[in-house]
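Chain R is fixed; fit chain H onto it per the hints.
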Amino acid sequence: MQFGVFTVSDITPDPHTGRAPDDTERVRNILAIAEHADEVGLDVFATGEHHNPPFVASSPTTMLGYLAARTRRIQLSTATTLITTNDPVRLAEEYAMLQVISDGRMDLMLGRGNTGPVYPWFGQDIRQGIPLAIENYALLRRLWTEDVVDWEGKFRTPLQGFTSTPRPLDGVPPFVWHGSIRSPEIAEQAAYYGDGFFHNNIFWPMSHTRQMVNFYRQRFEHYGHGQADQAIVGLGGQVFIRKNSQDAVNEFRPYFDVAPVYGHGPSLEEFADQTPLTVGSPQQVIDRYAAMRHEVGHYQRQLFLIDHAGLPLKTVFEQLDILAGEVVPVLRKEMESDRPAHVPSDPPSHAQRVAAARAAGQLHEQQAAAADHWTGRTAEDDIEAADAVGGAR
Amino acid sequence: MTARRIVALSAGLSQPSSTRLLADRLAEATRAELDGRGVPAEVRVVELRDVAHDVINAMLTGGVASPALTEVIDAVTGADGLIAVTPLFTTTYSGLFKSFIDILDKESLTGVPVLLGATGGTPRHSLALEYSIRPLFTYLRADVATTSVFAATDDWAAGSTAGEPSPLPTRITRAGAEFARTIAARSARGPAADPFAGTPDFADLLGN
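In order, the protein sequences belong to chains R and H.
Numbers 1 to 393, taken from the working numbering, label the letters of the first sequence in order.
Numbers 1001 to 1208, taken from the working numbering, label the letters of the second sequence in order.
Simulated from the structure, these hints should not be mistaken for lab results.
Yeah, the Cβ is synthetic: ideal placement off N, Cα and C, and Gly gets one too.
Keep in mind that a hint or two might mislead.
[To be verified] Which residues of chain H face chain R? A partial, calculated answer using Cβ under 10 Å:
(1) Asp1054
(2) Ala1058
(3) Met1059
(4) Ala1065
(5) Ser1066
(6) Pro1067
(7) Pro1195
(8) Gly1198
(9) Thr1199
(10) Pro1200
(11) Phe1202
(12) Leu1205
(13) Leu1206
(14) Gly1207
If we strip away everything but chain H, and leave its shape as in the complex, we get:
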């Protein structure tokens, strides 16, 4: 069976970052569920920080993407599933995260399964995932998983109540499993399609 390509995108800025940690955990939960279903998967984690300058340069030049950025864009838009994780800055996704989304072709995430994650200082911002980040991907016509995962700083503390598992790992496992089921239900997308394959014949363009 062709391996599903999962890309986990982290817009965390610090190194190490809790955003990257959440992206790793979500990717692992997804892979575990796919494994359990006998669906092979390759996971790649992309840190936007590595191409941050290139993202801005692409915006300033009207689309000149460096080879490194082109490679990241191709990986993201060609994935069987995208895990998108951003830190919340002043109530919403980070500027870097949004800038990266802004340079993607608007059609390029249409129908792609997406699992959302966000990190923040306090739980008070957890709904930013729903009022701000989900609509962005809805606009792009991505297939966004119902469960999204917010992790505040405190959530990284070990088991909250004695004997009970911490809510964050539970939520990550549930989100990953749900996301994995969506991916498993589809066939692998395979290699990138020929970008010219969909060009209509000129007779059709002329409307004859």
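Chain R extracted, bound-state conformation:
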């Protein structure tokens, strides 16, 4: 099973000092957190994508491309990549490039985004969120799996004879998760394609998470990708850990009480009771998260939010140390202790996906970019070549 961290990249003042990092410092802190997560042996680092302050992570593949070179083992991912407001052509290109650069040590999680104004800033309409997610992803898949794409849809300019480069590594596209909190349509989408489903439940009671995951599992089976319990599931979570439970509570409370997302609302105790937030000792975190599998079934990826609410970088590093050193080894053992043999421990790796595609006879030799249809020696060549690809004018 994979255990990792995800950042929403918020800039929040430390309530003790009133000081907030500037954008540059926060970006560098996030990179340092990801590198440290790799050093201590966590399995996944995922970054959000936001286009409004106080969030700084606007350009995930730039960050992850840097991290691909700076890290050794950790899987690089997103939480989430906006499938609604990004051009699917750019997504196909950027994430295939990241896949090549990281040698397949990446995947991505698609989401719609919850910030209304981001849609018009990128020329879209939030009321079309679901149709955008569906059309854009259908195109994204085609751009990865078909070398030359003719396409026409509702939301972007048509494509004639378009080839997205670089072609996916070994001819196999990255593994895709679909993240959704409330929309069954997105769980349906994940199930239809046999992709992973991630429920970021950090604000939600387990009863809701269980319903969404169960729906995805049933539909995954319905579409013939395997048994319901073999569907690929990930969960969010958030923790603050100290050796002694009371120390954790005392240290985290000032951050919790004024955090932008839940500050001045429910008490720390109420929030911890109603959501996966766990503030306490390593054993408390282990017990709480080990029980998640009893709610949603055996799952493959658990991501923790640990760098939010203005926590200092030093504290976040300590949290990574405790998480990787004292929590994950025991939690992993617990999670695997009763996992049935037919239920995968991990989401499929790039190597597994290549092997599966090969076994299914889906892999052809990577198309060489030898035939350049577009830039002939003369304008006439160009038109003839274009006609050959795109049909007669």
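Relative to chain R, chain H alone:
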């Protein structure tokens, strides 16, 4: 016959409150009419005061509803009939009342029979029900009963004119009877629908 579930929502803040009293009376009038028609009904009165902190917390956290609040929301949105009663504060529904309505899913009261009530200090504000509260429920596409009931402090005095019944009880009885007829004319909604039942098949979503 399946019992109709009537929820009477009171946004009164004091205890005891005249808003709660009006909610109780409207619920009783509704039940009496349903009884007379042989339609069994269960009445539940909800005081928003009990979940007031949870309502604000849900707003501040973008929707984290406590178990107690979730239970209230489910009861309100799953009711066969909703009696909604608010005190009038500075010309309109109370902030707590509106905040509760604001955290409901916008579709969740569509078509639900609703009976409106309000309380206030003087009769001068009685039309707030019509210019302020009714449009809120119209926006939510609820099926709002024609008669709404306003109770000013003086209305709680016993029979106004000798020999004549007090206008307030008469109005409550009429409103309850009218509301009950709407409820009786429909079949009971039964247990909450599977929230995933309406999810379109992916082929439909793809438009193929």
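Hints versus structure:
no. : hint    : verdict
1   : Asp1054 : 8 Å, holds
2   : Ala1058 : 8 Å, holds
3   : Met1059 : 8 Å, holds
4   : Ala1065 : 8 Å, holds
5   : Ser1066 : 6 Å, holds
6   : Pro1067 : 7 Å, holds
7   : Pro1195 : 7 Å, holds
8   : Gly1198 : 8 Å, holds
9   : Thr1199 : 4 Å, holds
10  : Pro1200 : 7 Å, holds
11  : Phe1202 : 4 Å, holds
12  : Leu1205 : 5 Å, holds
13  : Leu1206 : 6 Å, holds
14  : Gly1207 : 8 Å, holds
Checked against the numbered hints above, the structure violates none of them.
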